[in-house]
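Build out the structure end to end from the sequences listed, making use of the hints.
Protein chains: 2
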Amino acid sequence: MATAEFVQDLKDAANRMRISAIEMTCASKSGHPTSSCSAAEILATLFFSEMKLDKDFPKSPASDRFVLSKGHACPILYAAWEEAGHLTHDQVLTLRKIDSDIEGHPTPRLDFIDVATGSLGQGLSCAAGMAYVGKYIDKASYRVYCLMGDGESAEGSVWEAAAFSSYYKLDNLVAIVDVNRLGQSQQTMLGHDMETYRKRFEAFGFNAIVIDGNDVNELLMAYKKARETKDKPTAILAKTFKGKGIEGIEDKDNWHGKPVPVESIKAIEARIVDKNGKGKLKLQKPVDNVPEIKLGEIKMAPPSYKKGDKVATRAAYGTALAKLGDACPRILGLDGDTKNSTFSEKLLKAHPNQFVECFIAEQNLVGVAIGAGCRSRTIPFASTFAAFFTRATDQIRMGAVSFANLKCAGSHVGVSIGEDGPSQMALEDLAIFRYNFFASSVVFYPTDAVSAERATELAANINGIVFIRTGRPANPVIYDNNEPFAIGKGKVVRSSPADKVLLIGAGVTLYECLKAAERLEAEKIHAAVIDLFSIKPIDKELIIEQAKRVGGKVVTVEDHYPAGGIGEAVCSAVAGETGIRVKSLCVTSVPRSGPSDALLEMFGISANKIVDAVKSFL
Amino acid sequence: MATAEFVQDLKDAANRMRISAIEMTCASKSGHPTSSCSAAEILATLFFSEMKLDKDFPKSPASDRFVLSKGHACPILYAAWEEAGHLTHDQVLTLRKIDSDIEGHPTPRLDFIDVATGSLGQGLSCAAGMAYVGKYIDKASYRVYCLMGDGESAEGSVWEAAAFSSYYKLDNLVAIVDVNRLGQSQQTMLGHDMETYRKRFEAFGFNAIVIDGNDVNELLMAYKKARETKDKPTAILAKTFKGKGIEGIEDKDNWHGKPVPVESIKAIEARIVDKNGKGKLKLQKPVDNVPEIKLGEIKMAPPSYKKGDKVATRAAYGTALAKLGDACPRILGLDGDTKNSTFSEKLLKAHPNQFVECFIAEQNLVGVAIGAGCRSRTIPFASTFAAFFTRATDQIRMGAVSFANLKCAGSHVGVSIGEDGPSQMALEDLAIFRYNFFASSVVFYPTDAVSAERATELAANINGIVFIRTGRPANPVIYDNNEPFAIGKGKVVRSSPADKVLLIGAGVTLYECLKAAERLEAEKIHAAVIDLFSIKPIDKELIIEQAKRVGGKVVTVEDHYPAGGIGEAVCSAVAGETGIRVKSLCVTSVPRSGPSDALLEMFGISANKIVDAVKSFL
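Chains as they are written, first to last, in full-length UniProt numbering: chain A, 1 to 618; chain B, 1 to 618.
Hints listed in this document are in silico derivations from the structure and should not be mistaken for laboratory results.
There could be a bad hint or two in this list.
To be verified - Within a straight-line C-alpha distance of at most 25 Å, the following computed PhoX-like cross-link-like pairs (lysine-lysine) qualify: (1) Lys310/B <-> Lys258/A; (2) Lys29/B <-> Lys55/B; (3) Lys310/B <-> Lys139/B; (4) Lys540/A <-> Lys524/A; (5) Lys583/A <-> Lys548/B; (6) Lys29/A <-> Lys59/B; (7) Lys615/A <-> Lys609/B; (8) Lys583/B <-> Lys583/A; (9) Lys540/A <-> Lys278/B; (10) Lys135/B <-> Lys224/B; (11) Lys285/B <-> Lys59/B.
Listed below in structure tokens is the structure:
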């Protein structure tokens with residue numbers, strides 16, 4: 001039982017944090033003080049009674065994790081780190097300034113943020129990933145706390161994460177919902193209907209506790225119950241008021257995302273009992289029972305194919321993933337009930353403890369993977385049909401803002417998958433993964449099994465978001481097992497001094513380019529062929545050099561829609577040159593069911609169509 | 001109470017449909033017979049006892065709606081339409097052939113499909129959109145039935161749709177979950193734990209009924225209870241077995257998505273009592289109480305601004321939407337709790353019955369909008385921050401496969417939003433909306449209030465997916481109120497015979513281009529400026545003509561990442577020409593919080609940076 005003095009100290013801390021949140025948003029003339037104030041007691045009790053955190057090393061692998069899913073309430077988080085002595089008041093007053101990392105929504109530019117938030121409903125998946133790793137991989141005592149808003153519980157991703165967390169019995173995970181009743185533009189769907197929140201979380205397998213979330217004693221009791229609960233995650237459903245403590249504004253509409261009058265701090269100050277209490281409360285030190293790990297260069301046993309063997313790149317991905325699992329116990333495979341199609345099941349079979357089935361919930365799949373990769377505890381490889389990664393586009397977008405270490409392997413790309421039809425055909429995945437911008441983001445599109453294995457190995461050794469585009473059909477191995485592959489490097493797979501056109505393909509279309517080049521040669525038209533392999537970064541130098549060598553005519557061929565695909569990437573790569581013309585063959589209408597080869601023909605990316613394009617070009 | 005004979009006829013129909021589903025997947029050598037067979041009784045009872053459908057006009061506005069959310073089970077749906085006499089057996093045997101519309105997953109190429117399915121978890125949102133329109137806009141008696149799989153209930157979008165459906169008391173909506181226990185690669189999370197399904201749907205506000213889903217009597221009883229339930233949607237949780245009726249395969253692992261031995265039909269045939277019963281059961285005619293509507297050309301009262309007035313394009317969007325609402329009672333606004341930021345609230349205020357608040361659940365927002373637009377019952381305009389449309393990328397992708405009539409207005413684009421930081425900045429939305437390929441898909445990026453209003457009016461009159469990219473900052477009106485705008489047409493907003501470079505911008509960057517051109521002119525460097533306006537289709541002719549006129553040097557400037565944005569679109573538009581070089585200014589790293597202007601400068605898309613780029617180019 002907490003002493004009355006300690007409880008009062010926590011109340012004082014909450015009010016000091018409130019004041020700081022108001023001051024910083026007044027200084028920045030924007031931000032979310034009311035969404036911060038509803039959570040002041042939650043943060044104060046978490047930081048100064050419940051969690052184990054290291055003031056000097058917030059991302060210590062041993063410490064508890066905290067995810068602020070309602071990222072717009074970051075002023076109260078910054079205030080908590082100020083109260084803990086990690087940030088100064090001057091620092092937090094730089095909120096939202098261009099030269100400050102105290103941003104409008106939290107990002108890992110700050111040393112106490114694991115994942116960027118601000119797109120709502122994503123935090124719980126990341127927290128679940130951390131908790132999964134804590135319980136089953138690190139087997140350590142650190143716990144994971146995720147503070148969510150009530151409005152964001154309308155996001156389906158929250159329920160994907162909830163189902164996952166109870167399925168895997170993540171009793172080291174505590175979700176706290178700050179039910180402050182008001183969204184941005186009106187009352188939330190459930191308002192203060194706490195019983196419905198309780199029923200929903202219970203139905204999704206949580207130990208659900210409804211409390212007054214502005215009451216310090218009730219919060220402390222709820223954390224205790226959470227710690228005592230085994231084999232279930234806990235949801236603390238905290239009834240609060242938006243703008244709590246701000247006179248005239250508390251529980252009122254139209255105060256979302258705007259500063260409140262600075263004078264409002266006076267009444268809050270008056271409620272603080274120990275006026276000199278700042279710094280009195282201390283963080284509890286983490287328990288150091290986390291295994292030390294080293295994630296150096298990971299080397300995989302080399303590919304072992306015979307040239308001409310027919311192997312799908314998705315199968316080679318699975319083989320490589322299993323071999324990476326042999327090489328490093330922190331390689332983690334995750335899949336969305338497609339493991340027998342993406343071949344990630346090869347890792348499951350070889351190393352059952354290094355695989356997490358995430359079922360048909362791709363947003364959570366990606367969120368869990370991002371969480372699992374935090375603090376370098378694992379190297380997560382998430383796989384599903386490439387088309388279904390579009391379901392997690394926002395999570396991948398936020399992964400980029402988080403500077404996440406995430407590998408995505410998407411299979412069944414393009415019309416070449418055949419009879420399953422357009423809903424299953426990824427035709428926009430290159431655009432989606434190419435737009436994620438930070439230096440180390442990479443997109444590989446291997447053509448054969450050797451390059452697919454190498455792409456997977458390269459991916460494991462890149463710290464950043466990597467997408468590997470794998471295909472459904474089994475096609476011949478074209479490279480030697482010892483052929484080297486590198487980021488940003490394409491391959492000239494066919495060339496002669498007589499070349500008059502350059503064909504660029506990857507995956508299934510590379511085979512079509514090679515077939516077309518054969519046929520053209522029979523008609524004495526010589527064509528060079530590039531296997532692009534690395535779609536991002538693209539091998540600009542090689543493309544320009546080869547394009548100039550053949551006289552400036554380039555034909556790109558891709559099993560993808562035009563926007564953001566290989567054609568546009570190549571056009572953009574040569575845009576600074578004169579004398580190079582690019583013709584792009586790609587899928588330009590909604591495809592349909594049919595045999596793979598017939599679809600390549602119908603949608604204009606077959607060898608025949610390449611031959612026609614070259615002839616009309618010359 | 002159904003007669004014993006009728007019940008037997010329904011059982012016979014179910015078995016005939018089973019056989020047909022097996023035969024068609026044997027003929028196509030691929031497909032999902034086991035996922036079909038679990039649902040045979042559900043489909044037979046729906047079609048021949050419960051639903052009101054018109055055999056000769058399946059998409060009659062008066063008829064009940066059926067959404068097959070578990071799209072891979074389409075063989076059983078095709079078999080139902082065969083049993084009803086709408087398809088012949090020869091037709092269904094063309095399953096998955098390249099010249100047949102009987103595709104591997106259903107698409108609206110078929111006259112009885114409203115929305116394409118096959119990406120799981122999306123059907124219920126579309127069904128909810130139809131039910132919302134039925135109850136509140138058509139005020140008609142048609143009902144909406146959505147058949148889901150159990151595996152797909154892991155998708156969060158299902159729970160977004162569930163929350164929405166109960167919030168709006170959609171008692172004309174029945175969700176049926178075919179709980180056949182097995183996913184693609186293993187048992188689902190809940191297996192046959194029917195009580196947990198019941199708790200979840202009850203917690204989300206449904207009248208939940210657990211039954212034996214292969215029992216015709218229990219199904220009939222459940223539909224009756226659903227019809228009697230007021231102010232709540234119903235969920236029928238049907239315990240079934242995958243491959244039901246197929247000896248040796250029923251309830252067995254490893255039979256997902258593959259044909260079963262054709263010999264298995266013998267035992268099913270033997271169970272049919274009335275061997276000549278095909279065609280005996282008839283569909284019940286729809287009740288014709290749906291209002292007739294005409295959606296002809298919608299004309300909006302013209303814009304009324306003064307040149308130089310500072311108006312954000314998002315505000316102009318709201319103004320135009322409200323005026324479109326004046327002109328047409330079937331304009332429907334939908335928003336995700338951002339209506340006071342996207343300004344869709346102007347429609348809510350003017351026409352409360354033409355607006356649906358969808359709360360913070362963007363997947364469902366888009367799904368409901370797609371459903372609401374089906375059978376031309378409404379023209380849906382969905383709005384949220386453009387960044388948050390990325391949450392619904394898969395729904396938009398499927399919208400394209402559905403040939404949906406959907407308008408998306410995304411506000412708060414790019415770094416120009418300022419202090420809220422990267423999580424709120426749309427920098428990939430052009431790529432996402434550009435890749436959706438069918439002839440009428442359009443992307444508008446208006447610069448000022450006049451063009452924003454016209455873009456909204458144009459969108460209302462296009463049958464297809466239209467994206468309108470609106471901005472946060474208030475910028476000067478530059479066009480006359482009577483300036484005409486058109487699909488695929490840009491505007492030369494500055495030109496002189498002395499031009500030596502062409503600047504291309506849209507939105508905030510157009511103002512930067514104009515400022516840069518002013519400054520360059522002071523240094524005697526003349527620059528032409530194009531307002532792109534229509535990003536897709538792009539005004540290729542105008543760009544090439546102007547680029548050639550100025551001597552081939554083009555600078556594109558966009559508040560967007562490079563992949564799939566304006567720069568790549570322009571590069572691609574001029575790729576067939578020699579002598580044109582394009583320099584692309586865009587955002588190439590993860591942005592941060594700060595003032596709008598400072599961010600344009602820091603991320604390289606300000607007037608200063610344009611001036612520098614031009615000088616280094618010439």
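The hints, checked one at a time:
no.: 1; hint: Lys310/B <-> Lys258/A; in the structure: holds (22 Å)
no.: 2; hint: Lys29/B <-> Lys55/B; in the structure: violated (29 Å)
no.: 3; hint: Lys310/B <-> Lys139/B; in the structure: violated (42 Å)
no.: 4; hint: Lys540/A <-> Lys524/A; in the structure: violated (28 Å)
no.: 5; hint: Lys583/A <-> Lys548/B; in the structure: holds (19 Å)
no.: 6; hint: Lys29/A <-> Lys59/B; in the structure: violated (54 Å)
no.: 7; hint: Lys615/A <-> Lys609/B; in the structure: violated (42 Å)
no.: 8; hint: Lys583/B <-> Lys583/A; in the structure: holds (19 Å)
no.: 9; hint: Lys540/A <-> Lys278/B; in the structure: violated (64 Å)
no.: 10; hint: Lys135/B <-> Lys224/B; in the structure: holds (19 Å)
no.: 11; hint: Lys285/B <-> Lys59/B; in the structure: holds (12 Å)
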